[in-house]
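Protein chains in written order, with my numbering: chain C, 1 to 277; chain U, 1 to 287.
It is worth saying that the hints were derived from the structure and are not from the lab. One or more of the hints may lead you astray.
[Claimed, not checked] Straight-line C-alpha distance at most 30 Å; calculated BS3-like pairs for lysine-lysine:
(1) U/Lys255 - C/Lys171
(2) C/Lys181 - C/Lys230
(3) C/Lys192 - C/Lys100
(4) C/Lys245 - U/Lys185
(5) C/Lys108 - C/Lys55
(6) U/Lys11 - C/Lys100
[Said to hold, decoys possible] Away from chain U, derived, C-beta distances all over 12 Å, residues of chain C:
(7) Met30
(8) Ser67
(9) Val124
(10) Lys125
(11) Asp198
(12) Gly239
(13) Lys245
(14) Phe260
Given the structure is predicted, the values throughout are model-derived calculations rather than measurements. Ideal Cβ placement from N, Cα and C applies to all residues, glycine included.
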Amino acid sequence: MKIRIFLTMVFAGLLMMGISQSVLSESLDMFKGEKGTIRIAGGTAHIPVMKEVAKQIMTVNPEIQISIAGGGSGVGIKQVGEGLIDIGNSGREPTEVEIKKYGLKVFKWAIDGVAVVVNPNNPVKSLTKSQIKDIFSGKIDNWKRIGGMDKPINVYTRDEASGTREVFWEKALDREEITKKANVVVSNGAMKSAISQDSYGIGYVSVGHIDQTVTPVTLDGVMPTIQSVKEGRYPVFRGLYSCTKGEPVGLTKKFIDYLFSPEGQKIVQSNGFIGVK
Amino acid sequence: MMRPQEWIAEKVFFLSAIFSVTITLTIFGFMVILGFPLIQKGHALSLLSKPWIPENGFYGIYPMIIGSLAISSLGVAIAFPISLGCASMISVLGPRPLNLIMRKGVELMTGIPTVIYGFVGIFLLVPIVRELFKQGSGLCVLSASLMLALLVSPTMILFFSDSFSQVPQSYLTAIEALGGSKVQKLYHIILPYTRKGLLIGTLLAFGRGLGDTLIALMLAGNAITVPGSLLDSARTLTSHIALVIAADYESLEFKSIFLCGMVLYLFTTLVIVGVRFIGIREDRRKA
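Kindly produce the complete structure, drawing on both the sequences and the hints.
See the structure below:
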């Protein structure tokens, strides 16, 4: 008897939780009654959005476990292709070879700019494209030459698996060389903390990662913002992609659907990216 | 006649010994097989001496070999005097209760994961190095070596202090009877007697430093060039593997990390062989 009362109460509780949440969000409804895990890894620019989405889903349904790891775009594509994870994030479009080899399905759910950033203490706030190329190739090695302090420039770049690096190298540096003396960091977050600590450093991060700890530099007079990317004035941008091996099914499909839902796209925008819908 | 329990125990231990030896050899075999395309094409030797410029098709690991050797030898060089002093204090010079506390403290230090050292290094050591020398980003050979010294010194201290305690009591009694002070005891008896032990401990610490990944990855800056000074950014073989492992499986970049693995394996093997060699000579001398 007691057990039955208890069960009824639990059931009623669950029902009420469900009702209250369905008021909050309709798109999250599809996760109700689901159970299981979603493993996500890859691009580090994606992480803030992934975390927020995972939080929403896991609050509605604690039975769903979502794990989010970094590693870089290369890692995301490779691991999802090998079937180690359910969703592989990539900050660059997967190549034809990769798509064919692994049978990838590619979902582009946001557009993101890549901005050159310096420490907030740095008086240099604007650079031309050729100056940026010269800085990253090591030809300009002192801030004095571009209107800053008389200090050597510390160049920071990203590791081989980074989609951010690939896009920056292609669109900002026109595939010109990056100095071998550059320090190499392994995520957008690590880049941000490196630059925020180094008064004489210069690096590049996803626009979604910019906050008061680092200062974006204008490129040929254009400030890297959501607005300027949207209007096509800021040239260094890329899509943010999530890949699955074959057509997504079950929870994975619902996760991706949620990214494209109005709520999902709202999360995308509130993190400083441009939505696709 | 052996009791059955003993027979079982012996076989179980024998099997685990065989198992670990096989694993070690299999790993080496695995690296050779996967790195074979490089060796076969005669790339291996040139890779050992060339720079790393993937855009131009150079996948040399020479800068990383130098980076590894520089950071770990400097780390051990910094750790050696500190460890020697600390071990002397614990085993010979210091007052007893303090020694116990110090020894426990050092034992505790061996349990700290390297990522903690890396983390502390980024937020405490790197800014100090950067401001002190007013050059570079602070992510450099010096920062990594200093932190590595902190990582390997507990191993060295414990090893040294254990070998100090192996000095025969009769020798110690003799020098006390002659009216020798503690410092004289250390300098004239203990240090000469344990010279080999010191060397082995140092070699082991060097091996540990060479194999560590996270400290160099987080603090050395990872630039793909041969460091010209202590304040230059550098990359070790281990962090190179960690950074390149994400590249495409089919690419030469990826294949070249097996060569890194082989070089690391070779270095570690040399260290171990050196330790064994010294150990054997030591045993003969004492016998």
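Structure-based check of each hint:
1. For the given pair, U/Lys255 sits about 28 Å from C/Lys171 by alpha-carbon distance, which is consistent with the 30 Å threshold.
2. At roughly 34 Å between alpha-carbon atoms, C/Lys181 and C/Lys230 are farther apart than 30 Å, so this suggested pair is violated.
3. About 34 Å separates the Cα atoms of C/Lys192 and C/Lys100, which puts this hinted pair outside 30 Å; it is violated.
4. Only pairs whose Cα atoms come within 30 Å are accepted, and C/Lys245 paired with U/Lys185 is rejected, the gap being roughly 70 Å.
5. The hinted pair formed by C/Lys108 and C/Lys55 meets the criterion: a straight-line CA distance of about 21 Å does not exceed 30 Å.
6. Between U/Lys11 and C/Lys100 the alpha-carbon distance is near 51 Å, which puts this suggested pair outside the 30 Å criterion.
7. Every beta carbon of chain U lies more than 12 Å from that of C/Met30, the smallest distance being close to 33 Å; the non-interface claim holds.
8. No beta-carbon of chain U is positioned within 12 Å of the beta-carbon of C/Ser67; the least distance is around 18 Å.
9. Taking the minimum C-beta to C-beta distance to chain U, about 16 Å, the non-interface status of C/Val124 holds against the 12 Å cut.
10. The claim that C/Lys125 lies off the interface holds: its Cβ sits roughly 20 Å from the closest Cβ of chain U, which is beyond the 12 Å cut-off.
11. Not every beta carbon of chain U lies more than 12 Å from that of C/Asp198, the smallest distance being close to 5 Å; the non-interface claim is violated.
12. With a closest Cβ-Cβ approach of about 20 Å to chain U, C/Gly239 is found to remain outside the 12 Å limit, as its non-interface label requires.
13. No Cβ of chain U comes within 12 Å of the Cβ of C/Lys245; the nearest lies about 15 Å off, and the non-interface call holds.
14. Listed as a non-interface residue, C/Phe260 keeps its Cβ farther than 12 Å from every Cβ of chain U; the least gap is roughly 27 Å.
Hints 2, 3, 4, 6, 11 from the list above are not met by this structure, while the remaining hints are.
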